[in-house]
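Asker: Chain by chain, the residues run as shown.
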Amino acid sequence: MKRLRAWIVRLSGIFFKKRRELEIADEMESHLQLHIEDNLRAGMTPKEARREALLKLGGLEQTKQIYRERGTVPALEALGHDVRFAFRQLRKRPGFAFTAVLVLALGIGASAAIFSAVNPILFQPLPYPDPSRVMMLWEEQSDGSREAVCFGTFHGLQERNRSFEAVAAMKPWQPTMIGRGEPERFEGQRVTADYFRVLGVEPVLGRGFDAADDQYNGPNVVVLSDGLWRRRFGGDRAILGRQITLDDNLYTVIGVMPKSFENVLAPTTQLWAPLQYDPSLPADGREWGHHLQMIGRLAPGLGRSDARNELGVILHTLGQIFAKGFDSSGGVPKGMLVNPLQADITRDVRPALLAILGAVVLVLLIACVNVTNLMLARSAQRRGEFAMRAALGANRMRLVQQLLTESLLLAAIGGVIGILLANGGVRLLVALSPADLPRVGAIRVDNAVLLFALGITTLVGLVVGLMPALHASHSDPHTGLQQNTRTTVGGHQMTRRTLVVSEVAIALVLLVSAGLLLRSIQRLFAVPPGFDSSHLLTMRVQEYGHRFDRDADRARFYEQALQAVRQVPGVVDAAFTSQLPLSGDFDSFGVEFEAHPNDLSSSGFRYSVDPKYFEVMKIPLLRGRLLNESDRAGAPVAVLLSESYAKRMFAGRDPIGQRVRIGPDYGHPDKPWATVVGVVGDVKQLSLGLTDAEAFYTTPTQWHWVDDVQSLAVRTRGDAGAMAPAIRRAIWSVDKDQPVVRVATMENLVAASEAQRHFALVLFEAFALVGLILAATGIYGVLSGNVAERTREIGVRAALGASPANILRLILRQGMTLAGLGVAIGLVVAIAASRALLTLLFGVSPLDPLTYAGVVAVLAGVAAIACWIPARRAAQVDPAITLRAE
Amino acid sequence: MGDKTDVWQGTLALMVLKTLETMGPLHGYGIARRIEQTSGNLLSLNYGTLYPALLKLEQEGSIASEWGTSDNNRKAKFYKLTRVGRKQLEKEARDWEQAAAIVGRFLAPSGEQA
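Protein chains in written order, with the numbering used here: chain A, 1 to 886; chain B, 1 to 114.
Because the hints were derived from the structure by calculation, they are not lab data.
Don't take every hint at face value.
Some but not every residue of chain A turned toward chain B, in silico, with C-beta under 8 Å [claimed, not checked]:
1) K56
2) Y67
3) T495
Predicted model only: the values in this text are computed from it and were never measured.
We treat Cβ as the ideally placed atom computed from N, Cα and C, and that holds for glycine.
Work out the full structure: start from the sequences and follow the hints.
Answerer: Dropping the structure here:
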């Protein structure tokens with residue numbers, strides 16, 4: 001307590017220096033006077049009296065000094081001096097200061113920006129109470145892969161399990177609301193009653209769903225997001241109990257979610273309604289389709305493996321009770337996969353983000369090395385100053401402290417500018433990020449990022465300053481004071497060379513990574529998608545409302561819309577399809593082959609398409625015939641197979657005329673067979689990088705239902721993107737209330753399908769470029785400093801007959817040796833580091849020789865330029881002038 | 001400053017506190033003189049070391065200072081004991097007496113123990 005009090009007083013002493021100084025002087029003066037008077041009284045002469053008093057005090061100035069030191073905190077006072085001095089030093093060398101601050105700002109800014117994206121996605125817990133207990137559940141297939149949950153599974157598990165406090169299932173829902181003007185389609189979710197309870201978030205207004213809401217044919221109720229409530233309903237609190245029209249039905253608003261609610265599973269969701277599936281689980285209904293997501297909140301004290309075990313046992317029982325239902329859904333799952341929600345939603349981006357984080361650390365490292373180099377060069381110039389200080393009695397700690405203050409000051413300025421850069425960088429990052437990046441809304445420069453930036457700034461300041469500080473404090477004041485350019489401190493040069501070598505090595509690692517990613521993207525986009533993506537416009541057209549309840553009415557609308565679109569000038573042809581390649585659509589159904597009576601595990605992507613679809617997409621017909629107008633409802637069902645599907649099922653035999661049962665008919669001996677009439681080329685559906693070509697095609701009228709959401713593909717003569725408004729108008733000329741969404745050229749869709757890799761590539765390219773520039777300036781800096789220090793030596797060489805070419809070669813060799821060493825070390829590191837990129841690569845080995853060779857060539861070229869400039873300067877040294885300068 | 005000074009500093013604080021208790025408010029010079037007199041001039045105090053000690057005691061709240069006028073009409077800074085200081089003095093005096101007693105026992109003629 002007493003100590004603390006004393007410290008506080010001393011610390012505050014720093015601020016009242018002047019007053020304290022006066023008081024000390026006054027007190028000393030009064031002391032002396034009192035003493036002198038006493039002495040005079042004792043009979044001394046005035047001169048003696050004063051001398052004796054001073055002697056007894058132990059010297060006036062010395063006393064004042066100890067007094068002062070006790071009065072405040074000397075170390076802090078020195079710090080103040082150091083900071084002011086450092087500022088003056090930096091102002092004296094604006095070029096050095098500017099470069100160092102810029103480099104540090106880039107390094108710190110880039111790190112902070114990347115951290116702000118990585119932190120909420122990978123590290124920060126989800127914004128729910130007790131988030132580690134929220135799990136994502138999948139059905140586990142026999143091969144261990146995961147599959148979406150069907151309602152039968154969900155319902156059975158919900159009724160019987162004890163591992164979870166609550167479980168919920170959900171699916172996307174896109175209702176349409178008609179207002180004035182264009183129809184608006186909302187992003188929504190159909191959820192079971194406990195959805196909000198699993199996440200642990202309650203509506204801020206009204207109530208959430210309960211069991212009475214989530215019943216088969218139950219009430220139409222809806223919960224709004226804060227955003228939708230404010231935008232469409234003006235934030236009116238009287239919204240509760242009001243009815244809104246969605247898809248021709250009236251829904252009662254029962255609640256509004258809080259603004260802070262982050263729906264990580266579907267971040268764009270604007271409203272929620274109960275799922276309302278049939279708990280009697282009819283074997284031929286949607287209750288057995290695998291299209292639900294499932295989450296659960298673990299009961300306290302239970303782990304994932306407990307839950308897995310229990311659910312596995314329950315599934316076994318369910319399989320016996322609902323044998324028929326599970327048959328129609330492809331069999332009882334092997335078990336349930338129970339993954340932490342956060343890990344599950346970040347699964348796909350994790351490798352890319354970690355790689356990017358690694359890259360930015362390398363950039364920061366290069367920045368540090370670079371600035372360390374600058375500082376070393378700077379402190380070499382200031383050797384005289386340090387020697388002088390040492391000679392005047394500054395101890396080693398004091399010198400180190402002063403230099404660290406300078407580097408910390410540099411880092412601090414760099415850090416502040418870095419944060420500003422990060423602010424812009426984050427916006428750029430979000431703009432560049434793939435559409436499915438989770439938690440995009442949480443990416444921003446927040447306190448955690450500021451703290452992180454502060455941390456690395458301090459670290460960088462210390463790292464960057466420590467080596468020069470130790471070097472400077474090491475040097476012998478005697479040689480230093482002579483301040484002679486002839487003497488070169490060998491150890492010092494050694495350090496700088498080591499730094500350059502490591503810089504080149506790190507740059508090489510970055511370049512190799514960027515190169516491998518670039519080659520992967522090139523390879524990917526060189527993969528033929530199976531159709532011609534140029535001059536192709538796509539959009540999703542949706543039907544809504546009760547007048548489309550019957551299939552025939554649906555089919556008629558799409559037919560009329562197609563007629564209207566074909567009339568638009570500039571349109572070559574157009575067709576509807578139930579799903580579009582590389583758009584994120586995913587729709588697959590089982591196919592039973594007559595030729596493989598015992599194989600019930602085959603499924604393919606299902607396309608219901610207009611006969612013209614193949615012409616529009618330019619998908620080639622390989623055998624048999626295409627679909628045509630005669631393949632209508634009532635006629636025998638005609639099926640096209642994709643090439644690789646046909647090949648696998650009918651190796652060597654003619655697939656034409658073979659019989660299959662597709663979709664809901666699968667495995668039902670009482671249902672009629674459909675006939676394979678043709679084979680078409682393979683098409684990439686999910687990703688250019690995956691071999692997912694097994695597909696089958698029918699006409700919409702020969703499929704079991706007419707899809708109410710279809711994609712329109714339009715082949716245009718000119719620029720596809722420019723046609724969008726005209727085509728939209730054409731569709732609305734048939735029915736103005738039908739929403740048209742996801743308008744994109746096929747080329748954009750293809751590009752977006754590889755957004756994840758592309759995102760990583762763009763960042764790696766940027767980082768590699770920065771690394772290259774920094775490494776080049778590093779080499780240049782060391783060599784030109786070296787040349788400047790050796791001017792006299794070079795002059796002597798020239799005077800003794802070395803030709804300019806000789807000298808040029810001498811300096812070049814020196815620089816290129818450093819670069820070569822860096823390249824060699826970098827190659828070893830890059831080979832190890834490229835393994836981390838494995839999941840991001842496509843079609844290239846992590847040891848791709850072409851990439852490595854190219855990168856080495858680029859690096860060598862840049863290094864050569866960086867060496868050549870100082871080498872040429874050295875070659876032009878005039879011996880007469882340098883020797884005279886001595 | 002070596003070890004000796006540190007020990008000295010500790011005892012110096014005690015002497016200052018005791019002096020202020022007996023004499024009442026006193027200026028630095030007076031305290032120094034009083035300590036010398038009390039020690040029977042056995043201690044030769046470097047007056048300069050007194051002031052940091054006074055400052056430390058003041059920072060710790062054991063004494064308080066105030067400018068005033070001395071007997072012979074000089075302006076001087078007077079120090080006085082605070083309540084905290086009084087307590088500190090009591091405790092330190094006790095500690096010191098105890099320590100002195102223990103050391104005394106060691107130095108006493110050994111026959112007494114038997």
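Asker: Each hint needs a verdict: does it hold in this structure or not?
Answerer: Against the structure, the hints:
1. K56: Holds: closest Cβ of chain B sits about 5 Å from A/K56, inside 8 Å.
2. Y67: Hint holds; A/Y67 Cβ to chain B Cβ min 5 Å, cut 8 Å.
3. T495: Since chain B brings no Cβ nearer than about 38 Å to A/T495, farther than 8 Å, the hint is violated.
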